[in-house]
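Chain order of the listed sequences is A and B.
Counting in this note's numbering, the first sequence runs from 1 upward without gaps.
Counting in this note's numbering, the second sequence runs from 238 upward without gaps.
Take the hints with a grain of salt, since some may be wrong.
Label pairs and their in silico Cβ distance ranges [claimed, not checked]:
#1 Ser19(A) to Val257(B): 33 to 43 angstroms
#2 Leu88(A) to His283(B): 37 to 47 angstroms
#3 Ala254(B) to Ile188(A): 30 to 40 angstroms
Some, not all, of what chain A presents toward chain B, calculated at C-beta under 7 angstroms [to be verified]:
#4 Val6
#5 Ala8
#6 Gln139
#7 Gly145
#8 Ile149
#9 Leu151
#10 Thr232
#11 Glu234
#12 Ala235
These are calculated hints, taken from the structure and not from any lab test.
Just so we're clear, the structure is a prediction, and the values are computed from it rather than from any experiment.
Every residue, glycine too, gets a C-beta built ideally from N, C-alpha and C.
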Amino acid sequence: MKRALVAALLIVAAIPLLSIVAELPPHAAPDSPAYTHVSAHYLEHGAEEAGAENIVTDVILNYRGFDTNGEVTVIFTALAAVLAILLLPSEERVEERPAPAMPVSMVVRFVVRLLAPFIALFAVYVIMNGHVTPGGGFQGGTILGALVIALTIVLGEDEAHRLLPRPARPWLQAAAPLTFVVIGIAGIAVVGSYLGFPAEEPWQWVRTAWLVILEIGIGVGGGAIIGTLFWTMEAER
Amino acid sequence: MSQLFDITLIALLIACAVAVIRTKDLLAAAIIFSAYSLVMCLIWQHRGAPDVAMTEAAVGAGVTTVLFIVTIARTVRRER
């Protein structure tokens, strides 16, 4: 009974999805919009219409800002799901063998300590400069997350955890969707549409500022999520 | 020349993909997968997508490898 119900629900969900897929232009069709006018329009007018010299940033934050809004929400939801599974009460799990102590070699310790400030600077550069050069919040956030992982391996968990105070963590993990909601509502207030960007003459700096704020939100959120994932998976219980 | 470079990279990519599937040692598979990501990163860059190349290098070659290794350290190393 339950199985039949699930199967019926899946079929009901599959029919509209498949009919939409059937509507799509065939793979690599030369007359599909992507090859006729959409790409050309983005490349030609992207910088003036959307406010960033890097066309990729124009597309992901402005033209398709809704997509990215959903995307960061999905990433945050995925973290919530992983935490919900990994943080189950420990008596429900099988007996765990103690994790082998991992001695960190002097070379690794020295290199990470030496490189950490430069990695941090590079991450900030990639995030803040994402509207001009390749990069942006997602890339810079991952670099931040990798830095958190490297520091955790070298400093040990206790000291690394102190770098990020516990009460601030949920806000940092949710930074990306929160930033999108704030900028989206600012768009309603100023332009009249969710995630709308002001494009008129004297207000173009606002548009660029909003793009940078979105990049910072995505970067902080991404870094916090990757760091938390590593901490949770590696934590001894 | 550029085409030769492309063909070499794609050959390497396919070799990595086959090796990942064939090896029974999960730690080796994680490292080969990281090499796969590195080759993929070069391909993205060569095809003119530096944004994706950066993501591939940071996520594919860096973070996921670490997460795989942590998972292997907490479970078993050999595939059964």
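Task: Which numbered hints fail - done: 3, 4, 5, 9, 10, 12
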